[in-house]
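Novice: Build the full structure now, drawing on both the sequences and the hints.
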Amino acid sequence: MEHFKAVKRTSPKLRKLILKTLETHEKYKSSYLWRPSSSASGRRYAEKNFPISEYSIETKEGLLTVNPNYKESCNNIYYSLNIQLGDKKKSIRSLKQLINDKSRRMKNEKIGCSFPNLIFTKVTDKFEAYVSLMDDKIREEIHMKLAPCSQEEFLQEYKKRHLEYFKEEFQI
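Every letter in the sequence shown is one number past the one before it in my numbering, and letter 140, counting from 1, is 140.
Hints may be right or wrong, so weigh each one.
Unchecked claim - Pairs of lysine-lysine, DSSO-like flavour, derived with a Cα cap of 30 Å: (1) Lys-167 x Lys-89; (2) Lys-160 x Lys-48; (3) Lys-16 x Lys-145; (4) Lys-89 x Lys-60; (5) Lys-20 x Lys-60; (6) Lys-5 x Lys-145; (7) Lys-126 x Lys-145; (8) Lys-48 x Lys-167; (9) Lys-48 x Lys-13; (10) Lys-88 x Lys-159; (11) Lys-60 x Lys-145; (12) Lys-71 x Lys-29; (13) Lys-88 x Lys-13; (14) Lys-16 x Lys-96; (15) Lys-159 x Lys-137; (16) Lys-137 x Lys-89; (17) Lys-48 x Lys-8; (18) Lys-159 x Lys-48; (19) Lys-88 x Lys-137; (20) Lys-137 x Lys-48; (21) Lys-48 x Lys-126; (22) Lys-126 x Lys-8; (23) Lys-48 x Lys-5; (24) Lys-71 x Lys-8; (25) Lys-160 x Lys-126.
Stated by the list, open to error - Computed beta-carbon distance windows for the label pairs: (26) Leu-22 x Lys-145: 23 to 31 Å; (27) His-3 x Ile-99: 13 to 21 Å; (28) Phe-127 x Asn-75: 35 to 43 Å; (29) His-3 x Cys-74: 12 to 20 Å; (30) His-3 x Cys-149: 13 to 21 Å; (31) Glu-23 x Glu-141: 16 to 24 Å; (32) Glu-168 x Ser-11: 21 to 29 Å; (33) Ser-132 x Glu-168: 17 to 25 Å; (34) Lys-159 x Cys-74: 23 to 31 Å; (35) Ser-37 x Glu-61: 24 to 32 Å; (36) Ser-38 x Lys-5: 38 to 46 Å; (37) Lys-60 x Cys-149: 33 to 41 Å.
Derived by calculation from the structure, the hints in this document are not laboratory data. The beta carbon of each residue, even a glycine, is placed where N, CA and C say it ideally should be.
Specialist: This is the structure:
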């Protein structure tokens with residue numbers, strides 16, 4: 001298992017790995033209905049050559065462990081991404097925040113800003129920032145249930161479900 005430190009800054013190697021994790025997650029999150037390899041050796045080969053493996057990141061909050069699981073059976077493909085901060089389960093949002101916080105800090109340092117917060121020009125900009133940090137599964141469930149609805153209704157429902165699922169408030 002690889003171990004990274006990201007207390008102050010994210011190394012280019014870690015940043016690349018997190019982006020690859022996010023990209024791989026986006027690709028494989030709906031892989032259940034895909035067709036697995038027809039032979040056992042093909043299925044084991046696909047499992048062995050999965051693009052990402054387990055790694056950990058030392059952050060200010062503690063040790064963040066990222067563990068992707070990929071398995072193929074005769075009929076289905078199973079994929080999950082387990083993220084934990086200590087013993088507490090986290091969502092993909094924690095990786096997205098790590099990338100966003102570090103890139104925002106770097107951007108602010110480059111232009112000489114002393115504040116790390118985003119400045120939104122429109123309400124929709126703020127909503128898009130919220131959406132980028134949401135858990136994909138919860139967001140899609142709400143979209144299927146409530147759409148069409150206002151941004152405020154969507155955000156209120158997401159905050160409620162996020163609290164139920166992760167036992168923590170959704171914040172930006």
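Novice: If any of the earlier hints don't hold here, list their numbers in rising order.
Specialist: 2, 3, 6, 8, 11, 17, 18, 21, 24, 29, 30, 34 and 35
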